[in-house]
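Novice: Full structure from sequences and hints, please.
Next come the chains, spelled out residue by residue.
Protein chains: 2
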Amino acid sequence: MESEDYKPDYKDKSSTLQDRPSIDSLHRIIEDQIADEKFDEIRETLKTLHPAEIADLMSGFGALKKNIVFDLVPREIQHEVLIELEESDQEDLLERMSEEEIGDILENLDSDDAADVAALLDEPVRSRVLESTADEDRKEVEHLLGYDEESAGGLMSLEMVTVPDHASVNEAIKAVRYAREKVGIDDIHYVYMVDDDLRLLGGVTILDLLLADRNRPVHELKYKDLITIPSGLDQEEVAQRFQRYDLISAPVVNDKGQLVGRITIDDIVDVIQDEAQEDIGYLGGTGEEEVGERNILKASSLRLPWLLVSFVGELMNVFLIARYEMTLANLIIIAFFIPIIIAVAGNVGIQSSTIVIRGLASGEIPLHHTFRRVLREVLVGTLNGTIIALALGIVIFFWKQEVRISIAVGASMICVVIIAAITGSLTPILLKKTKQDPAHACGPFITVTNDVIGLAIYMFITTSILLQ
Amino acid sequence: MESEDYKPDYKDKSSTLQDRPSIDSLHRIIEDQIADEKFDEIRETLKTLHPAEIADLMSGFGALKKNIVFDLVPREIQHEVLIELEESDQEDLLERMSEEEIGDILENLDSDDAADVAALLDEPVRSRVLESTADEDRKEVEHLLGYDEESAGGLMSLEMVTVPDHASVNEAIKAVRYAREKVGIDDIHYVYMVDDDLRLLGGVTILDLLLADRNRPVHELKYKDLITIPSGLDQEEVAQRFQRYDLISAPVVNDKGQLVGRITIDDIVDVIQDEAQEDIGYLGGTGEEEVGERNILKASSLRLPWLLVSFVGELMNVFLIARYEMTLANLIIIAFFIPIIIAVAGNVGIQSSTIVIRGLASGEIPLHHTFRRVLREVLVGTLNGTIIALALGIVIFFWKQEVRISIAVGASMICVVIIAAITGSLTPILLKKTKQDPAHACGPFITVTNDVIGLAIYMFITTSILLQ
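Sequences listed follow chains A and B, in order. Quick note: the first sequence uses the numbering used here, first residue 108, plus one each step. Quick note: the second sequence uses the numbering used here, first residue 108, plus one each step.
Treat the hints with care, as some may be off.
Since the list gives no way to pick one copy over another, a pair counts as held whenever it fits inside one copy or between any two copies.
[To be verified] DSS-like cross-link-like pairs, simulated, lysine-lysine; straight-line CA separation at most 30 Å:
#  : residue 1 : residue 2
1  : K246      : K363
2  : K539      : K172
3  : K331      : K173
4  : K281      : K329
5  : K329      : K289
6  : K540      : K405
7  : K172      : K540
8  : K281      : K331
9  : K154      : K363
10 : K281      : K540
11 : K507      : K154
12 : K154      : K331
13 : K172      : K542
14 : K405      : K173
15 : K542      : K145
16 : K173      : K539
17 : K246      : K289
18 : K246      : K405
19 : K173      : K542
In short, the hints are calculated from the structure, not lab data.
Specialist: Okay, structure coming up:
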């Protein structure tokens, strides 16, 4: 659909309806232009791109090329590009900038974005940068930095439109016009009504203002489904509310019911994406590692804890097998099936934990009704485990012509799978009950637990049956 | 924050600013009321809830209680509750309804939701239900059913506001009023301008209409950053555009540039959530299984393929170890380290594949620049593998006082980990290059591949060194 030589022209109004260029093809073009040192051409191309496109483009480049491209971005949209980048890239770019440049960027950003950038600066630099920015901007950023980054307060911006409860539609429109034209707020969805103490009394949508008689008092148009967000609410719960009620914007209130900010859906979409990526990272044993992390040592150290858990757990297996050394020397066939028993048990455990983690996150598995779920996982696991055990038993029978071995290995497989289904489904539930994030502590932990328990069961059952 | 006896009152305007009730506490209250057959009380409670809250509440109940609650939902919001439920629950409820009831629900829903529900009906029922619904509604649903469910066309709704290019602001507001008051569209963000052939010429935001002089022609207010979505675009790419450009609503156009519908952010949030859950499901080896799947056989059959892959792969390991039977009988110590070698290799492989899958999905790893990434994964894997190998070598040395065994096992560990990092990072890249979804085909496949290759390397290296 998108050709390689497509020339987007972002600022030309007549062409904005066209399809946007593919980042992958742009990436190749710019890469060639950097190699040929055609910096003017790059500058021209960047002028035609949306800030988010430039950020996406940059994310595929190494550190050096990222810097080159950022320096060629038109000055007036550098702050918009910066805010779209990953945190580690933002840090790299900020380190190269003068304090004056950083100050300019903070002043151009919305309060929530400015606070996010300021949070990345090291202390002496941050204070000096903030001191040099305009009084109002500085106060806003310092105020927002006071909230927990992962709470509603950390997500909200301070830019919004408020009127007294007794204002008319006409006055509300005047307030919107001021916010739009003087303050530069583009995405206004509500005008909020507050009392003298800034307590939130209600909101009216822009759509209702458009259709209403201009002399009506706004409180008659109060939007009845207005959902508010407490400023201390965890960002995951904020995202759940946005999803549940299909919100595009919501007011944030403090303990006293005062309006302190607003959150918009674009920030929530990022939260949902980040939380899902974080869960995948933890389940895969990479934790907080960013995809773009360039420091090999940092990447290694973020992954090492999972490997060490696995190492320590499997060391127990080493000693367990060693305990059976004499038995194994006489009955070496027992060793043949160690990997398959462990692997199938590991898979069943991960399957159960994956589905339980998803259900706990979505609320489909209520926390006080978990026994039923564990039972279901055991049933599903046992059913599949029995099929695999039968298949394995048959293979062993035709291979070795010994029913006793078939039965010993098959029976172990079924027992091991049942235990795996129980630990796989119970562990995330127990973590959730003790207020921990199931996704963070499952993954490799469940595999290694099942490996150790599974091997112990297997060695016990097979030696009991075969040494009779 | 939310007490157990909290009484929400959704329809009472004065209380809408209050915090919403906790689904978990409601769940317990309703459960007790069902047990006590206090159906009138349940009906009263449901009246005070938002449809999405009722759906969330229902998702935690078993089949029977789901039905009881749904029957007690006020008739006029049943369609809104239905559309918020999981597909499998929707199917169950639809099966119990009369064709007339289903017809009523379709007529009350927005076109995109009505098409989603109609898609769940079996053919003879669907035709009969559609025949009995109003002509216009039927045509809309049939038109939308023609689009691929996972494309932009499958996501869009047909409800939108359009005016000719030469219309005035006043005329545009009239069109908005008609859409709001007669058609019942609540979430209007843009008025779209079209020519006589319905080709999209531009859009103007509700905010711009509010602030503009009522006699100006709308084309002067054209929103310059309007991003359009081709109707055939895959839903994952649609979601990427919404994220990249921070959209809350976007027009969908066909090949001829005609406006055919619009997509709103609430549907995109669901897509992002679903795609992430799907990836987690595939990585964990549960595939398309829904958390709420009540059919044990279906759940088992969805998980079985992953277990069979593991079974077949590990069967190769059984025969591999059997080939070394004589060696093992003499050098039983080799068997001790089989589980730890396999487990660490498996972990390293999953770590590499997890981070590469994330990077490919986000575009941070450009597809034509993958060698660098594989190299990085090998470096990170080798670094960690060497640390683990050293630790293991030291443990073996102090335990067995035999340097040769330490060296043989440690060296195998390093080799196995390097191979695991290569397969873990290369497999998702190759899948992506052959246009397959990396998340769908990785997970258990990578583990089993690494198990087989890892064990072969381990047996070869240890026997080579120790049998000299």
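Novice: All the hints need checking, so say for each whether the structure fits it.
Specialist: Comparing the hints with the structure gives:
Only within a single protomer do K246 and K363 lie at most 30 Å apart by alpha-carbon distance; the minimum there is 21 Å, versus 51 Å between protomers. For the identical chains of this complex, K539 and K172 are inter-copy neighbours only, at 25 Å across copies versus 44 Å inside a copy, given an alpha-carbon limit of 30 Å. In the homo-oligomer, the alpha carbons of K331 and K173 lie at most 30 Å apart only across protomers (28 Å), although the nearest pairing inside one protomer, at 48 Å, exceeds that limit. With identical chains, the CA atoms of K281 and K329 are at most 30 Å apart both within one copy (18 Å) and between copies (22 Å).
In the homo-oligomer, the alpha carbons of K329 and K289 lie at most 30 Å apart both inside one protomer (26 Å) and across protomers (21 Å), since each shortest distance falls under that limit. Taking the shortest alpha-carbon separations for K540 and K405, only the inter-copy value of 29 Å comes in at or below 30 Å, while the best intra-copy value is 32 Å. In this assembly of identical chains, K172 and K540 lie within 30 Å of each other by CA distance solely across copies; the values are 24 Å between and 47 Å within a copy. Taking identical chains as interchangeable, the C-alpha atoms of K281 and K331 lie at most 30 Å apart whether they share a chain (23 Å) or sit on different chains (24 Å).
Taking identical chains as interchangeable, the C-alpha atoms of K154 and K363 lie at most 30 Å apart only when they sit on different chains, with a minimum of 28 Å there against 47 Å within one chain. Proximity of K281 and K540 under a CA criterion of 30 Å is satisfied in neither setting, with 51 Å inside one chain copy and 54 Å between copies. With identical chains, the CA atoms of K507 and K154 are never at most 30 Å apart, being 73 Å at best within one copy and 68 Å at best between copies. In this assembly of identical chains, K154 and K331 lie within 30 Å of each other by CA distance solely across copies; the values are 15 Å between and 44 Å within a copy.
Taking the shortest Cα distances, K172 and K542 sit within 30 Å of each other only across copies (28 Å), while inside one copy they are farther apart (43 Å). With identical chains, the CA atoms of K405 and K173 are at most 30 Å apart within one copy only, with a shortest distance of 20 Å there and 49 Å across copies. Taking the shortest Cα distances, K542 and K145 never come within 30 Å of each other, neither inside one copy (55 Å) nor across copies (33 Å). In this assembly of identical chains, K173 and K539 lie within 30 Å of each other by CA distance solely across copies; the values are 24 Å between and 41 Å within a copy.
Within a single copy, K246 and K289 get their C-alpha atoms as close as 19 Å, which meets the 30 Å cut-off; across copies the closest is 47 Å, which misses it. Taking the shortest alpha-carbon separations for K246 and K405, neither the intra-copy value of 35 Å nor the inter-copy value of 58 Å comes in at or below 30 Å. Taking identical chains as interchangeable, the C-alpha atoms of K173 and K542 lie at most 30 Å apart only when they sit on different chains, with a minimum of 28 Å there against 40 Å within one chain.
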